[in-house]
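Make the complex out of the two chains shown on their own, each in a separate frame, by following the hints.
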Amino acid sequence: MKIRDIPNGSKAFQADVMARNISGSFARYEKQVDARGKTIFYTKTTFAPDGSIVHVKSKFPPGPAFYPGD
Amino acid sequence: MKRKELLEALLASEAPPDTLLSALAAFGWDCEDELVRLDRKHVVSILRQFREGEMSDRDVSDWADAVEGRDDIGFEEGCEEILTDVIYELANPELTRPPSSETADEWIFHLKSHAAGSDENACQEQMPEHSDTESGRKKRLIPIDEELFGRLAKISESEHIPPEALIDLWLKEKISEAYQQV
Numbered sequence: 000m001k002i003r004d005i006p007n008g009s010k011a012f013q014a015d016v017m018a019r020n021i022s023g024s025f026a027r028y029e030k031q032v033d034a035r036g037k038t039i040f041y042t043k044t045t046f047a048p049d050g051s052i053v054h055v056k057s058k059f060p061p062g063p064a065f066y067p068g069d
Numbered sequence: 000m001k002r003k004e005l006l007e008a009l010l011a012s013e014a015p016p017d018t019l020l021s022a023l024a025a026f027g028w029d030c031e032d033e034l035v036r037l038d039r040k041h042v043v044s045i046l047r048q049f050r051e052g053e054m055s056d057r058d059v060s061d062w063a064d065a066v067e068g069r070d071d072i073g074f075e076e077g078c079e080e081i082l083t084d085v086i087y088e089l090a091n092p093e094l095t096r097p098p099s100s101e102t103a104d105e106w107i108f109h110l111k112s113h114a115a116g117s118d119e120n121a122c123q124e125q126m127p128e129h130s131d132t133e134s135g136r137k138k139r140l141i142p143i144d145e146e147l148f149g150r151l152a153k154i155s156e157s158e159h160i161p162p163e164a165l166i167d168l169w170l171k172e173k174i175s176e177a178y179q180q181v
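These protein sequence lines map, in sequence, to chains X and C.
The first sequence maps to residues 0 to 69 in numbering that gives the first Met the number 0.
The second sequence maps to residues 0 to 181 in numbering that gives the first Met the number 0.
Same shape as in the complex, but just chain C (with noise of 0.2 Å):
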């Protein structure tokens, strides 16, 4: 097989890593062009197959090294960002988050909904940033309307549940049912 077959077999998950790594390893590492490109139908795929139970966490760990900072693969253009990120959270679960089924549904959800070349980080922009120094995580911070809030925080005085706490348990109720439907 030549290095692009071999590529697209690794990119559409044909055969186990191992075997195309050991087989592209004879064309050596450097590589001028982007011979094949990876695009977010690739990463949904190997999402599914996980949630369906048909590839292990170590599979898509496997994978996804494979296919983590190689100079011949491509990225979808306009979504590099997105890939770059769920490429490296799939290749290094011990540094971000174990593989799971409310984590592929994340990001099968990001993944279709990013529109290549979205203003999506302009979006973010506009919404200042906050660190908790608890956390360690960023935060972003949403005015939310006066009116609003007042509403919120007679039902946060009710159940006996601070503002913020509301409001990120009803987020996520959200944001769970959205990807459900997707």
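So here's chain X without its partners, still in its complex pose (with noise of 0.2 Å):
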């Protein structure tokens, strides 16, 4: 778990998960928690072994995934 500070007082927790099929590849889950201590966003980027972003996966709040060159 990595944890760093991120404007107005917020901070950003991530881990990493490795994949279970390709070697390299892996999700970081973040969750970025404003200065009170809620949770303001949370995302789950999946990353190719070239250390490329296959898609980012906004979990909160909600919205379509980003897949980098659609």
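For the record, the hints were derived by calculation from the structure and aren't laboratory data.
Built from N, CA and C at the ideal position, the CB exists for glycine as well.
Careful: at least some of the hints might be erroneous.
To be verified - Covered stretches of chain X, as calculated for chain C (at least 3 residues, CB under 8 Å):
(1) 3 to 10
(2) 21 to 31
(3) 37 to 51
Said to hold, decoys possible - In the DSS-like style, the derived pairs of lysine-lysine whose C-alpha atoms are separated by at most 27 Å in a straight line are:
(4) K1/C x K30/X
(5) K30/X x K173/C
(6) K37/X x K3/C
(7) K10/X x K37/X
(8) K40/C x K153/C
(9) K1/C x K40/C
(10) K43/X x K3/C
(11) K37/X x K1/C
If you want it as structure tokens, here you go:
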């Protein structure tokens, strides 16, 4: 778990989960919490083995998945 | 609808996940308590709908992604690990394996045969792990009776198939039959 500071006293919590089928591929779960401890963003980003982004899914607030290149 | 009702509808897949998630967003993300519980029967129902062609692989992935990681959804007691595993796999087919009739049958078998609070893990721990450096996958070492292995070795030799490959093949056939019966 990585924790980093982001503007306005907020913090981002990141956790990576490695792929089971493709070496080097992984999902990064990132939750951004404001200064009062309220979750303001929660995303899941899937990375390819070369480090490029396969897609980004916004769990909160909910929104359509983002596919780079689309 | 109240938050709990929306979550129950999500677990039962009574409406498209994006519709329910939009409604749930009004309550914010954080939640002190787990308001509903994901049971094995919810996942089995989704897998059956997929197997029957009532849900696409994308529908399954969207549902699992909507359920994954929520503070307000708890997991059936004693089944947390298997439910975490199946939700992760279904929500992340790019990182695990794409869903198919075979994988659906496999999960249904595991979920139905998994007794809550079972000592499945203890059973697995009794079988030593072996890392296969070629495939990167872990394997379990299971002792075989010497006499049985002797008979296996004879068949292996006559069929020109290594004993490991023969056991693998037979086990897969037997497991597949077991899934079909379930």
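Verification of the supplied hints:
1. 3 to 10: violated (count 0)
2. 21 to 31: Holds: 6 residues of the stretch 21 to 31 of chain X have a Cβ under 8 Å from chain C.
3. 37 to 51: holds (count 5)
4. K1/C x K30/X: 24 Å, holds
5. K30/X x K173/C: 44 Å, violated
6. K37/X x K3/C: 20 Å, holds
7. K10/X x K37/X: 10 Å, holds
8. K40/C x K153/C: Violated, at about 45 Å.
9. K1/C x K40/C: At roughly 23 Å apart (the allowed maximum being 27 Å), K40/C and K1/C satisfy the hint.
10. K43/X x K3/C: The hint holds at about 24 Å.
11. K37/X x K1/C: With Cα atoms ~20 Å apart, K37/X and K1/C stay inside 27 Å; holds.
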